[in-house]
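Protein chains in written order, with this note's numbering: chain L, 1 to 160; chain D, 1 to 198.
It should be emphasised that the hints constitute simulated quantities derived from the structure, not laboratory data.
Ideal Cβ positions, reconstructed from N, Cα and C, are used throughout, including at glycine.
Worth double-checking, as some hints may not be accurate.
Simulated restraints, written as ranges between beta carbons of each label pair [to be verified]:
no.	chain 1	residue 1	chain 2	residue 2	range
1	D	Q7	L	G11	24 to 32 angstroms
2	L	Q115	D	F24	34 to 42 angstroms
3	D	M185	L	K60	46 to 54 angstroms
4	L	Q113	D	I9	49 to 57 angstroms
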Amino acid sequence: MSKFKKAGGKGLKAINTASLPDIVFMLLFFFMVTTVMRETNLKVGVIVPEATEVKKLEKKSLVSFIYIGKPHRNLQKTFGSEPRIQLNDAFATPEDIRDFISSEREQMDENDQKQMTISLKIDQDTRMGIVTEVKQELRKASALKINYSSRKKVDEALLK
Amino acid sequence: MARREIQEINAGSMADIAFLLLIFFLVATTMDIDTGISRLLPPMPEEEELDDDQEIRERNVFVVLINKDDDLFVEDGFYDVSELKEMTKEFFLNPDDDPDLSEKRELTTDFFGTMMVSKGVISLRNDIGTSYGKYIEVQNELAAAVNELRNELCMQRFGRRYDDLDPLNDQEAALIDDAKKVFPMAISEAEPKKVGGN
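Whenever a hint applies, use it, and build me the whole structure from the sequences.
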């Protein structure tokens with residue numbers, strides 16, 4: 001018979017891969033569950049500034065977002081390149097913020113309304129004029145808990 | 001051959017399908033946790049005239065100005081952002097009772113007993129043209145100064161860093177509250193005015 005047949009007869013058995021799909025499915029379900037699909041389409045470009053004293057935002061359901069930044073390039077023809085405010089899915093003016101806050105409040109549980117936090121996602125190159133306007137509107141709407149969204153800065157001393 | 005045995009479905013490609021889906025979700029997942037600097041805005045005054053009702057002595061106010069070119073003016077001159085933290089800490093601590101730095105008053109808390117705490121307030125003012133990045137950088141330095149003071153206080157008394165205290169633990173939460181009373185995050189923001197030439 002064949003010269004190459006091994007002396008022992010059977011040699012290495014192939015590893016049983018029958019449980020491989022199970023393992024992969026397990027991972028798949030993990031990622032499916034943890035994935036949060038983004039709810040709003042960002043129409044403005046936002047690169048938030050870096051900071052060291054950041055804290056995590058707890059309880060996503062209590063947080064509403066206000067985005068401020070330059071409109072994306074394909075929208076700049078219609079909306080210009082000046083930084084704009086985005087609430088939910090649409091561009092807005094500072095005057096719209098009060099309505100936005102009250103509609104966000106209504107969606108919340110009554111006990112949670114006091115804990116409502118506004119996360120300000122503002123591009124780092126934005127001028128403070130528009131930011132201050134937004135802050136004044138938030139004060140008028142008495143939404144006082146705010147959070148300046150920022151990235152955690154990596155401590156350079158640790159890298160060395 | 002009338003009766004053929006039913007063949008098992010070949011499940012060999014199941015792994016491939018699952019992998020495909022897995023890779024899709026791996027790529028689509030962003031596990032970013034939202035982080036940021038939390039602040040509490042002051043409530044709107046009932047009437048506009050009641051704005052400056054509190055008299056605060058000048059030595060107790062730590063003036064921080066940022067102009068439209070993102071230059072930083074602190075108390076008496078222009079400084080770099082990197083110097084701001086140390087200056088803020090010195091202003092609050094005032095170890096040598098410098099008459100230019102903040103005054104102190106007695107405060108009794110459960111954890112720290114009676115001690116002298118600063119009456120100082122940081123007054124932060126920015127121009128309309130200040131960039132948001134610079135503003136956050138300054139806010140961050142001020143927050144870092146206060147956090148460091150709290151850290152040092154807790155380390156000195158209890159051998160624990162303030163940052164490591166667990167707010168879910170009742171006793172530690174009380175300690176956090178007391179540390180906040182000793183070193184409050186006293187940042188007051190004025191209405192924006194034009195600072196510096198325009």
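Margin query: When the structure is checked against the list of hints, which entries are broken? Sort them ascending.
Written below: Hint 3 is the one this structure does not satisfy, whereas the remaining hints hold.
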